[in-house]
Amino acid sequence: MANQSDKFIKDSLFGFLLVLPALLLLFLLVVFPVIYVLYLSTLSFDTTPAHFVGLKHYAELLTNDSFFWIFFGHSMQYVVFAIGSAFFVALLVALSLNTINKFQGTLRTFALWCWAVPPVIASLMWKWMLNDTNGALNDILLKLGVIHQQVAWLALPHWTMIILSQVHAWTAIPFIMVILLAGLQAIPVELYEVASIDGANGLQKFRTITYPLLRTSVLTSVMLSSIFAFRHIDIVFTLTKGGPGEATELLVTYLYDNAFNYMKIGYSAALSIIMVFISMVIVFLLVKLIRPQEQY
Amino acid sequence: MAKKALTILLLLLVGVSLVFAGGQQEKEMKEEAGGSGTVYDASKVQWDPNHERIVAKDYRVPAGAKEAIEAEGSTEIVVYNWGDLSWDPATLLNGSMFTRLTDVQVQFVGTPDEQMTPKLQPLFMAKSGAVDIVPLDETNYANYVSRGWLEEVDFLWDDETMSEYHSGLQATVLDGHYYSVPQVGRIIDVLYYRPSMLKAAGYDGPPETWEELVEMAQALTIDKNNDGQVDQWGFAFKGGGVLDGAQLIKAKSLLLGVNPDDVDGKVKFNTPETIRVVQLLMDLRNKYKVVPPGVTAYQHGDIADFFLSGNVAMVIDPTYLYARCMESELADDFDVAVQPLAFKGGPTTQIQHWNGWGLSKYSENKTAALIYMDIYRSYQGQVNEFAIENNEVFLKKAYEDPKSKLVGYNDVLAQIDDTVVDVYQGQGEVYKAVIAELQKALLESKTAEEAMNDAQKRIDKILGY
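From first to last, the protein sequence lines stand for chains A and B.
Per my numbering, residue 14 is the first one in the first sequence, and the count goes up by one each step.
Per my numbering, residue 690 is the first one in the second sequence, and the count goes up by one each step.
Bear in mind the hints are in silico, worked out from the structure with no lab data behind them.
Note that the structure is a prediction, hence the values are computed from the model and not measured.
Yeah, the Cβ is synthetic: ideal placement off N, Cα and C, and Gly gets one too.
Misleading hints may appear alongside valid ones.
[Claimed, not checked] Have a look at the derived ranges for each label pair, beta carbon to beta carbon:
(1) A:Phe27 - B:Pro811: 30 to 40 Å
(2) A:Gly158 - B:Ser998: 19 to 29 Å
(3) A:Trp128 - B:Gly954: 48 to 58 Å
(4) B:Ser856 - A:His64: 29 to 39 Å
(5) A:Val47 - B:Thr898: 41 to 51 Å
(6) A:Ser57 - B:Asn975: 36 to 46 Å
(7) B:Gly954 - A:Ile83: 26 to 36 Å
(8) A:His64 - B:Gly954: 51 to 61 Å
(9) A:Leu157 - B:Gly954: 24 to 34 Å
Construct the complete structure from the given sequences, taking the supplied hints into account.
Structure follows, in structure tokens:
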């Protein structure tokens, strides 16, 4: 008994030693920066050296900074519009790819290509496509007769946010599609055969078989994409820098300005911590909403 | 099991602490030797007299510098640069000159503008010696100085030396101290126009006043094929960006005799003159429709690209566009002129954007870095910037060099002798607020007066008025 216990301890110790380098790396790259940001958020850099102010920045942000709440609203709009539309398109594409047998590999590769484009490059590409005088989008829509005047897509205060969110959706669709496709392929074909025998149509099969069994994949893809969208800066930063008239200013661009343009390091650190909590709330709400049901 | 795990954890903590302590000790030792974070001892080098060295046609390294460089063990300095070095041949040339004179290599780190502070800030906060020379402009200079990240360089300046530079350079003296040298005076706004387009519309030359600008822009805004779409715009401006929109307002306000960055010592963007400027911009977009509606989103570089695309007859842009035009298809069909005045005989004051070099407080190669800065602000360094890159410079004598006289728009610059430079803490935040309100005015969600009054409320809060 004692020998078994000693062996167990030795094995455990050995295992611990094996993962120790990874743990150290995790500590240095993940844990320490979080602790450091928490520390920074309690400092004010208005003086040199910085001085301790406790939770003052948090109080300021939540109770005395009207821009925080306005830009929080913008961020939520961005996430909802972007991931909402990305999810529906991704689901359609995944359902299609799941049923298509010919050229499967090629089609799946095409479906992923926009994921391969670096975010900043994609943003620059869309910036030129959305240009009011030389942009490809205006040119195409004018020739198709959809519009009759050139549209300044990035200068519409009520619509630019939706447009930016659709640009984000374009980048997010492949990621969501891949996860949903993997979930679809895990659904047993026999269930559909049985449903067919019972006379179920396509919509009924989707409602009673596909979606319930896909909920885990839906939750994973929507949750991850929402968090990515919430902290995504490239598109807004490149296309509008928060304009026109702060109509597309997000919490993440506000954080960037405070940290690097206004040098309010402590304030922006506090904002980043609050954004982490907001992300956690988003995850909580999504889990509540899309909680997977019992498996068959 | 628990005991053993605890023991290991404790050993780990001890080990990590030792590593950090060792690093700290090494840092302290370096500080004792005059390394990072310490105040530079200028007496090691005979900087005085600065004046003779700066205006000499051939730069000479001051006495004691080479010995000081050797004592500091410097073999390379790290210089961060705005953007890729392929756009800055003069910077490379000045770097080569520095290496030839000091045997110290230069490692340039070309960084996009938006990434400069995100890259430098962590280095400064870590008190790292990974950067020696820091590129500065209005958005970061005052902030870096207030955080104590830049070395004071009073010993590089005196009244006689300062008198060799455009008076606007005085604005870079903060709290009575010098923390930089000028890189470029950079980029006074000038009017670029397409002579062929103007001629086709019946005009022999560019507009000289705002009234002429509006009239000509209307004539030059053309739907060539009558399909209801404008194919050629008369004018364009930058209503967005990080600085652009606010500096557009400032540039035009100066032509009405008011500097919004200094109205009796305060920043004031809601003067009658400034409101008039915003109204003009609104009218250009919404009433006369001579600029693309998307100007609210146009940023740094967008106007230049727009002009080079051939879809606009006139733009006002910094002088860096000149070199791009010369290398483009427009080389034979563009010209530059002084930007139109508010009215004939009106004020001619222009913004002179400022780019400078600063020395990191945590540099471990301070003497070498200071020599680099010294070369850059000297006659040779400044002539290289103007003659090769066509960037204006602050050193007045640089314009008299034979190489400088070959620059195509030298005669235009000769007409612009009244310039201002403004640098103050919070400038970036102020400009962001101004741009946001300008965009609301351009989109007609506010009147010009409402927008600028709201901008001023935000400015008052930012600057603590």
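Q | Satisfaction of the hinted span 41 to 51 Å by the C-beta atoms belonging to Val47 (chain A) and Thr898 (chain B) | A | 59 Å Cβ-Cβ, so the 41 to 51 Å window is violated.
Q. Does the Cβ-Cβ separation between Ser57 (chain A) and Asn975 (chain B) fall within 36 to 46 Å?
A. holds, 43 Å
Q: Indicate whether the distance between the beta carbons of His64 (chain A) and Gly954 (chain B) respects the range 51 to 61 Å.
A: About 28 Å separates the Cβ atoms of His64 (chain A) and Gly954 (chain B), which means 51 to 61 Å is violated.
Q | CB-CB spacing for His64 (chain A) and Ser856 (chain B) relative to the 29 to 39 Å hint | A | With Cβ atoms ~38 Å apart, the hint holds.
Q. Taking the beta carbons of Trp128 (chain A) and Gly954 (chain B), is their distance inside 48 to 58 Å?
A. holds, 54 Å
**Q.** Status of the given 26 to 36 Å range, CB of Ile83 (chain A) versus CB of Gly954 (chain B)
**A.** holds, 32 Å
Q: Evaluate the given range 19 to 29 Å for the C-beta pair formed by Gly158 (chain A) and Ser998 (chain B).
A: With Cβ atoms ~25 Å apart, the hint holds.
Q. Are Leu157 (chain A) and Gly954 (chain B) spaced within 24 to 34 Å by their CB atoms?
A. With Cβ atoms ~57 Å apart, the hint is violated.
Q: For the range 30 to 40 Å, tell me whether the beta carbons of Phe27 (chain A) and Pro811 (chain B) fit it or not.
A: At roughly 37 Å between Cβ atoms, Pro811 (chain B) and Phe27 (chain A) fall inside 30 to 40 Å, so the hint holds.
Consistency note: the structure conflicts with the earlier hints numbered 5, 8 and 9.
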